[in-house]
Amino acid sequence: MADVATPDPWGNALLALRLLAIDPGLGGLCIRARSGPVRDALPLPEAVRLHPAMGDDALFGGLDLTATLAAGRVVQRGGLLDRDGPLLLSMAERCARDMAAKLALHLDGTRRALILLDEGTEDQAPPATLTERLAFHVDLTDVAMAVAVVPPPAPLPTVANITTAPGRIAQIVAATEAFGIDSARAPTFALRAARAHAALMGRAAVTDDDISVACALTLAHRATRIPAPPEPEVEEQPDDAPPPDQDGADDNTTPENDSLQIPDELLLEAVRALIPDDLLARLAAQKARSGKGDGTGAARLGNRRGRPLPSRAGRLQDGARIDIAATLRTAAPWQTIRRAETGRIGLHIRTGDIQIRRFAETSDRVLIFAVDASGSAALARLAEAKGAVEILLTQAYARRDHVALIAFRGTDAETLLPPTRSLVQTKRRLAALPGGGGTPLAAGLDAALALGVQAKRRGMTPTLCLLTDGRANIARDGQPDRARAATDAQAAARLIRASGMDALVIDTGNRPSDALRQLASTLAAPYLPMPRADAARLSQAVGAALVP
Amino acid sequence: MTAPFPFSAIVAQEEMKLAMILTAIDPTIGGVLVFGDRGTGKSTAVRALAALLPPITVVQGCPVNSARTADVPDWATATTTLTEVPTPVIDLPLGASEDRVTGALDIERALARGEKAFQAGLLARANRGYLYIDEVNLLEDHIVDLLLDVAQSGVNVVERDGLSVRHAARFVLVGSGNPEEGELRPQLLDRFGLSVDVASPRDIDTRIEVIRRRDDYENDTTAFMLRWQAEDAAIRDRILTARTALKDLTTSEADLRDVAALCLALGSDGLRGELTLLKAARAYAAWLDDTALTRSHIRATATMALRHRLRRDPLDEAGSGARVGRILAETLG
Numbered sequence: 001m002a003d004v005a006t007p008d009p010w011g012n013a014l015l016a017l018r019l020l021a022i023d024p025g026l027g028g029l030c031i032r033a034r035s036g037p038v039r040d041a042l043p044l045p046e047a048v049r050l051h052p053a054m055g056d057d058a059l060f061g062g063l064d065l066t067a068t069l070a071a072g073r074v075v076q077r078g079g080l081l082d083r084d085g086p087l088l089l090s091m092a093e094r095c096a097r098d099m100a101a102k103l104a105l106h107l108d109g110t111r112r113a114l115i116l117l118d119e120g121t122e123d124q125a126p127p128a129t130l131t132e133r134l135a136f137h138v139d140l141t142d143v144a145m146a147v148a149v150v151p152p153p154a155p156l157p158t159v160a161n162i163t164t165a166p167g168r169i170a171q172i173v174a175a176t177e178a179f180g181i182d183s184a185r186a187p188t189f190a191l192r193a194a195r196a197h198a199a200l201m202g203r204a205a206v207t208d209d210d211i212s213v214a215c216a217l218t219l220a221h222r223a224t225r226i227p228a229p230p231e232p233e234v235e236e237q238p239d240d241a242p243p244p245d246q247d248g249a250d251d252n253t254t255p256e257n258d259s260l261q262i263p264d265e266l267l268l269e270a271v272r273a274l275i276p277d278d279l280l281a282r283l284a285a286q287k288a289r290s291g292k293g294d295g296t297g298a299a300r301l302g303n304r305r306g307r308p309l310p311s312r313a314g315r316l317q318d319g320a321r322i323d324i325a326a327t328l329r330t331a332a333p334w335q336t337i338r339r340a341e342t343g344r345i346g347l348h349i350r351t352g353d354i355q356i357r358r359f360a361e362t363s364d365r366v367l368i369f370a371v372d373a374s375g376s377a378a379l380a381r382l383a384e385a386k387g388a389v390e391i392l393l394t395q396a397y398a399r400r401d402h403v404a405l406i407a408f409r410g411t412d413a414e415t416l417l418p419p420t421r422s423l424v425q426t427k428r429r430l431a432a433l434p435g436g437g438g439t440p441l442a443a444g445l446d447a448a449l450a451l452g453v454q455a456k457r458r459g460m461t462p463t464l465c466l467l468t469d470g471r472a473n474i475a476r477d478g479q480p481d482r483a484r485a486a487t488d489a490q491a492a493a494r495l496i497r498a499s500g501m502d503a504l505v506i507d508t509g510n511r512p513s514d515a516l517r518q519l520a521s522t523l524a525a526p527y528l529p530m531p532r533a534d535a536a537r538l539s540q541a542v543g544a545a546l547v548p
Numbered sequence: 001m002t003a004p005f006p007f008s009a010i011v012a013q014e015e016m017k018l019a020m021i022l023t024a025i026d027p028t029i030g031g032v033l034v035f036g037d038r039g040t041g042k043s044t045a046v047r048a049l050a051a052l053l054p055p056i057t058v059v060q061g062c063p064v065n066s067a068r069t070a071d072v073p074d075w076a077t078a079t080t081t082l083t084e085v086p087t088p089v090i091d092l093p094l095g096a097s098e099d100r101v102t103g104a105l106d107i108e109r110a111l112a113r114g115e116k117a118f119q120a121g122l123l124a125r126a127n128r129g130y131l132y133i134d135e136v137n138l139l140e141d142h143i144v145d146l147l148l149d150v151a152q153s154g155v156n157v158v159e160r161d162g163l164s165v166r167h168a169a170r171f172v173l174v175g176s177g178n179p180e181e182g183e184l185r186p187q188l189l190d191r192f193g194l195s196v197d198v199a200s201p202r203d204i205d206t207r208i209e210v211i212r213r214r215d216d217y218e219n220d221t222t223a224f225m226l227r228w229q230a231e232d233a234a235i236r237d238r239i240l241t242a243r244t245a246l247k248d249l250t251t252s253e254a255d256l257r258d259v260a261a262l263c264l265a266l267g268s269d270g271l272r273g274e275l276t277l278l279k280a281a282r283a284y285a286a287w288l289d290d291t292a293l294t295r296s297h298i299r300a301t302a303t304m305a306l307r308h309r310l311r312r313d314p315l316d317e318a319g320s321g322a323r324v325g326r327i328l329a330e331t332l333g
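Chains as they are written, first to last, in the UniProt record's numbering: chain A, 1 to 548; chain B, 1 to 333.
Bound-form chain B, shown alone:
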């Protein structure tokens, strides 16, 4: 694997970049779904995300990245030293078997020593980090069910032959896909906090810049990475600052009212829309280094937080994004 294309070097696609940054500022927003045509930089952006995430402190050797020694599950053997590691971004390949996702019997120990031991799966490795699914709409149904269950409870349970294991599995889902290849089940859609649609830039200079940077990257990856490292670091620092600022951010009664009115007008299912929109707007305010939440923050994040929560009208050509925009203008003026 070569070094992924740096995040800051991605040309245009501002909405997608912003969504990724917001979810890095506040992971409880719940991940990003990127839908778009081929060749628009979806996968590139997601793979670049890892470099933006601040490192986390974990117990060394813990299979589920526990923060404290007390949290290490009893089936795991870990040291007691704490260490700093990059936030895990785990790829969930489409063909992954159930065993590999949830974890299963450690075959080596079972065969060689006749021991019943648990070998952690991808969900364990993604705990406190990101789980990335490329072509998420092609994921097999039974894996989707499994993910829904775990994503909701934050706990992964494996029960088999007296092998009874549970461990924390709180992760942020990041998915990308091409809408032409199939729809996503609404239940899974709902698990994503933000959703963005990407398209190719329509402006010729932007496109030239895209090709130029890609070409530079492919010709001399090391030099290119070196050139953009500082920019990536700047974004990472800003994310860290925003995380701190988030705690002191004030939210007024009027903002809550705006958010509720908007979701009501859109008829989005459930309350998850409101919560996500509020979190996203707050993260956005923190990113801009503002001290209070205002209507402008809500307006800027409403589309990405709500677009995928509307009842789908299969004949609506403009797409849900436009619908959110229209109602946004009506409700908030």
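Extracted from the complex, chain A is given alone in its bound form:
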């Protein structure tokens, strides 16, 4: 079995699939991996395959018009969801929110397993509505071909009659608490997984080992914080005996069966081992994007381009395109009646039958704020810049723009917030933004460009809003060098201009800076010197400059 102390994604994936086969009530498994030999090697169960572009007809079934007309009575056609077996959704990162919601509703009602194949890159992820309902998540991105060996299939035990000592639930809940997991689904899944694991191991009762394996598999990807190592167990149980040094070795703990020997620290250790190193860095991103199938971008209705939506009744006006098939389908049931009414044979189509095509377009604007938080921007200036950004946020909210926040100080730039519409989050991040250090202007611009390119790929239109005093003194490589810092910043600005991103430069320095004016002209951006920026004036200026 998988040794939980070392991260072994492949072993975990196999184990998760086994547990899922034992107890479909575990909801399912999200597999993050590019399509390739490693993923193909996974012994996935026979499943009903779904893809994100599927319409409701295909999923839920509906009226089979051809058969209905031929038979003269209503013939219903079953949907894919009516078939038995687990569900498998490929390209899950492109699953739109509405489809996710429908699938979630279906899962809640039927308790069948769902396997998500997530091919997302960077910040794309399947909708949280779905991942929340699945017990497991494995990331196979870095698994080498050589590791991907499938053991021979073994018969599955049943999960019935596995006893669980009363204190086990407390153990699991304490662990979820320590990792800052709010959802009640997480500990429920951990408990079920522990039971399934005990069954897999041929045990009659859940042991410490089952608990730690289960927690590692079900909690690691949900963690929102990493508990400080010494603290949790001091609070929970003040026992003086130091925890035994062996970590989760399964054979040793088996005889202890029902006794609750596992120290909380070991349990936490097991989960912590599976938490990716960059968890904290990724949390920000996860928080902001949670809930959206973010491969999809923001949707807008149109009638020309984009992903097709269900057609709906409408009139043929300018630019509207008729959906012939849907129109015929709407008119079909009426034909007998209309023929009888008019006494005329042939096809009767009336205005009310006309169905108009609709498409989901994705082109929302995203405002990327790159805020200079260096020492030279001084604390008072930073406060003013924050105030300005806040007012702009309110306007962005009114316009339904997305906003993103980048801060640069010291030697590097940091993306505080990827594109989001959550103002509360933006405000919180902004308030927590510390000041001080050098001015790595080039790094800030690079980060903005990266974010802009990403946003563009998701169908949004990025606009950069740069707030700085322009006194760049940190070069791209992090070395303090004023001259090189300036040339690097110019180079970064040229790249941004080449990418076609709109920009706006706000000088927050005490005096207008020539260097910054030049930078603005390189960016082809309006330059707004704001020697004594008060937030309201700044926002007026930005508002005016942003009007197309």
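Keep in mind that the hints were calculated from the coordinates and are not lab data.
Among the hints, erroneous ones may be present.
Derived CB-CB ranges, DEER-like [claimed, not checked]:
(1) Pro54/B <-> Asp108/A: 23 to 31 Å
(2) Leu264/B <-> Thr141/A: 56 to 64 Å
(3) Thr206/B <-> Gln395/A: 39 to 47 Å
Facing chain B, from chain A, some residues (calculated, C-beta under 8 Å) [unchecked claim]:
(4) Asp56
(5) Leu63
(6) Arg97
(7) Ala128
(8) Val173
(9) Ala174
(10) Ala184
Yeah, the Cβ is synthetic: ideal placement off N, Cα and C, and Gly gets one too.
Using the hints, position chain B against chain A.
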């Protein structure tokens, strides 16, 4: 579908449970909106609601659950016998088409017999009952418009090709959603009488209890249902008693003044806030078996009745609930 998790077995989440009970006592309050993070029991509570609702008397076979034979719409064929059925709680799935919501031509009869007949939709089935929308904030705009119209007038009108049908569609809207996934239009927000925010319990013992009950339920649903049936029945009886008590409940001039002052101080739009708050407070008093409305009842229900009616301040971190609480303390002391 397995039996839904029993209402009385839901641990904590008192505000959400109270809101559901109040709307069951007085359906004219106008439904509940439950907003909260994932895994906090939103859907569980709404699905459990059905078991709490007292049965209603309907004309057998009537598609719109009419109470009297005189109310049966002329396009429907119904018997004349009266029968008792559970209060309908109808799920409105996100993907539902307009036809399915409002009702449309009965395709079977049209195709097979060339007859023009109306097939009732979800709105008809929800008449005199509840319409439940999970993930309400993801509902398509045109369905929202349709719901707003019907919820306001209480009548569903379908006009098409000489198919002219109108029927009563008075229902209580119950919605749940996750605020992270999108906002709700203010017009729709306003249609909900009460609004509650749910969060995971922060207390470890409560959380343990949540998991334990859920686990028991999943392991042996039948036994678990049996164990909680009596509790659910007790709540249902209390709701019925409260419904009767509601009629005799006295409301003083001072209470009306309090309610008006509160809504004025909060700057809530329209008069719907006042009316809902008054109804909710009265239902709460009846639930507690008190004979007169007092300030304590108003105080206890103000947040859920008004929180979603404030002008939204996008940068207000504390949320509207805290704002209501603050003004509540200032106005009523």
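Using Cβ atoms only, decide whether Arg97/A comes closer than 8 Å to chain B, and label the hint accordingly. holds (6 Å)
Is it true that the C-beta distance of Leu264/B to Thr141/A lies inside 56 to 64 Å, as the hint says? Holds, since Leu264/B and Thr141/A (Cβ atoms, about 58 Å apart) stay within the stated range.
Between Pro54/B and Asp108/A, does the C-beta distance stay in 23 to 31 Å? holds (26 Å)
Hint status (Cβ of Ala128/A to nearest Cβ of chain B, threshold 8 Å): holds (7 Å)
Is the interface hint satisfied for Asp56/A? The criterion is a beta-carbon contact with chain B at less than 8 Å. holds (4 Å)
Should the hint that Ala174/A touches chain B count as held when the rule is a Cβ pair under 8 Å? holds (7 Å)
Hint status (Cβ of Leu63/A to nearest Cβ of chain B, threshold 8 Å): holds (7 Å)
Does the hinted range 39 to 47 Å hold for Thr206/B and Gln395/A at CB? holds (42 Å)
Please verify that hint: Ala184/A, Cβ, nearest Cβ of chain B, below 8 Å or not. At about 5 Å, which falls below the 8 Å cut-off, the nearest Cβ of chain B leaves the hint on Ala184/A intact, so it holds.
Per-residue hint verdict: Val173/A, partner chain B, C-beta under 8 Å: Because about 5 Å separates Val173/A from the closest Cβ in chain B, which is inside the 8 Å limit, the hint holds.
Checked against the numbered hints listed earlier, the structure breaks none of them; every hint is satisfied.
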